[in-house]
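2 protein chains.
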Amino acid sequence: MPTIPAPHPLRTVFFVSDGTGITAETFGHSVLSQFEIKVRTVRIPFIDSVEKAEKAARAINEAFQQEGQRPIVFSTLVKDELSDILRNSQGVYMDLFQTFIAPLEQAFGLKATHTIGRSHTSTDSDEYKSRIEAINFSLAHDDGQSSKNLEDADVILVGVSRSGKTPTTLFLAMQYGIKAANYPLTPDDFERGKLPSSLIPYRGKMFGLSIAPDRLAEIRNERFPDSKYAALSNCRYEVHEAERMMRREGIRWMSSTTKSIEEIAATILQEIRMEARAR
Amino acid sequence: MPTIPAPHPLRTVFFVSDGTGITAETFGHSVLSQFEIKVRTVRIPFIDSVEKAEKAARAINEAFQQEGQRPIVFSTLVKDELSDILRNSQGVYMDLFQTFIAPLEQAFGLKATHTIGRSHTSTDSDEYKSRIEAINFSLAHDDGQSSKNLEDADVILVGVSRSGKTPTTLFLAMQYGIKAANYPLTPDDFERGKLPSSLIPYRGKMFGLSIAPDRLAEIRNERFPDSKYAALSNCRYEVHEAERMMRREGIRWMSSTTKSIEEIAATILQEIRMEARAR
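In order, the protein sequence lines correspond to chains L and H. Letter 233 of the first sequence, counting from 1, is numbered 233 in this note's numbering, and no numbers are missing. Letter 94 of the second sequence, counting from 1, is numbered 94 in this note's numbering, and no numbers are missing.
Derived from the structure by calculation, the hints contain no laboratory data. One or more hints might be untrue.
Okay, the calculated bits of chain L under chain H, using three or more residues with CB under 8 Å as the criterion [to be verified]:
| no. | region |
| --- | --- |
| 1 | 14-28 |
| 2 | 62-76 |
| 3 | 164-175 |
| 4 | 231-241 |
Pairs of lysine-lysine residues, derived as DSS-like cross-links and limited to a Cα-Cα distance of at most 27 Å, are as follows [as the list claims (entries may be wrong)]:
| no. | chain 1 | residue 1 | chain 2 | residue 2 |
| --- | --- | --- | --- | --- |
| 5 | H | Lys52 | L | Lys259 |
| 6 | L | Lys79 | H | Lys38 |
| 7 | H | Lys79 | L | Lys129 |
| 8 | H | Lys55 | H | Lys79 |
| 9 | H | Lys228 | L | Lys148 |
| 10 | H | Lys52 | H | Lys79 |
| 11 | L | Lys205 | L | Lys148 |
| 12 | L | Lys79 | L | Lys111 |
| 13 | L | Lys205 | L | Lys194 |
| 14 | L | Lys55 | H | Lys259 |
| 15 | H | Lys228 | H | Lys194 |
| 16 | L | Lys38 | H | Lys79 |
| 17 | L | Lys228 | L | Lys148 |
| 18 | H | Lys79 | H | Lys111 |
| 19 | L | Lys129 | L | Lys148 |
| 20 | H | Lys259 | L | Lys129 |
| 21 | L | Lys259 | H | Lys129 |
| 22 | H | Lys148 | H | Lys205 |
| 23 | H | Lys38 | L | Lys38 |
| 24 | H | Lys259 | L | Lys228 |
| 25 | H | Lys259 | L | Lys52 |
| 26 | L | Lys111 | H | Lys38 |
We put the CB at the ideal spot given by N, CA and C, even for glycine.
Using the sequences provided together with the hints, build the complete structure.
Shown next as structure tokens:
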């Protein structure tokens, strides 16, 4: 974790939740990214009692007193008795739940349960188990480690070393429960002019990542400075050959150069047409 | 990915975004978890043009015609010209952005930029780089593979095999940029009655995971049925010894038995007091 030098804190943003706070944080960052402003963020998860809510409210009020500006509070508290305490603090209270619960109650013709800590699926659910299984699968099939059970893969990522395959496969598994293997395309493959033989039966599941050679050289140099592996000329060669191979084999591919792993994963997901899933 | 048998689709929920759709989806699932209802979900990411927005609106209208109930639409579109198209569809439109942008503009005394695709940090940002670095660190230090650079770890998870260490370390890295190593506690360690020697200098960074023996036996049996490793008696022994060791060494620990990786990670994060981070 980086230690970011703290500028004068312009503003504190609190993420308050009765669960992990991940929803409040993901959402809050997303909305805040629309403002040209630096903020200090504070997570307050697991607020499931009046005492804890009162403690959180005191922290918000203290930030207001110290900074002279009202802190922003993104909250996913589902119990009115808890959210009322935060609403009465000196923060600008953004109630992510209440705002949308009423229109949904109307649309569904159902009352919300206001059950605490429901935002992540139960560890007993099939969805949760399939995510854990996908993580184990993706780890076991990282970097071409195993060609066992490739028939179970939802997708097989290919690309030169350090093109972004590993973090993408892990994200696909963790966020979407996708079993994603990944295989490096290496100079050996380019010399043979063939895909790794264990992959050939699964061409339809393959998806390629490419990357701009100068960016690749930069990434490789961080790990192996001044090596042949990291040299720009070698990166140019490998990327050129990998793209040629993917074109020849009819493998769909995209460039990872300026994309985050979230963006790469969402693009792949769309490509492999798994947008619709029952919950 | 599981193939979940599709019940009669009561209701379709769309997640529409000009970016990956992850914010809309995380948030939507969180709110929907407050209702006792099964829904079919459809992701529509990367809606960054009028044409794409119109296509999404048609998909929503078709779902309405087929199902006879208004679909729910969670949207993080930041451009008014795009969100207006969806608002005029036959879905129940939940505008996650507009709802909170106005009060934030007032609080900050700033106008929102309405820039598309900003919800994930740029791949050039220090925060993004530190997440990727943390993922690489956590992978290199998975399952006690390496004791190199442990001084750089933010946290070192310990626990018996299959207590949930690996997915938790990967989640800590991916979500929070935490460099998390993990080490198994094994029968060898219990016989010696000592922590693995490479860990001893880092006791202060260690955090333990324990698990109910019957749940552990269940998990181990999935991989190695009828093995000594998976036998309930052995699981009881290992968990008992691991807890004894953690108590003796003064290592904080928690039970992973009924917790999701999100909940375990958020708890650890809170314990290691990193709630506050500059953005």
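query: If you check each hint against the structure, which ones fail?
result: Checked against the structure, the hints that fail are numbers 4, 7, 17, 23 and 24, while the rest are satisfied.
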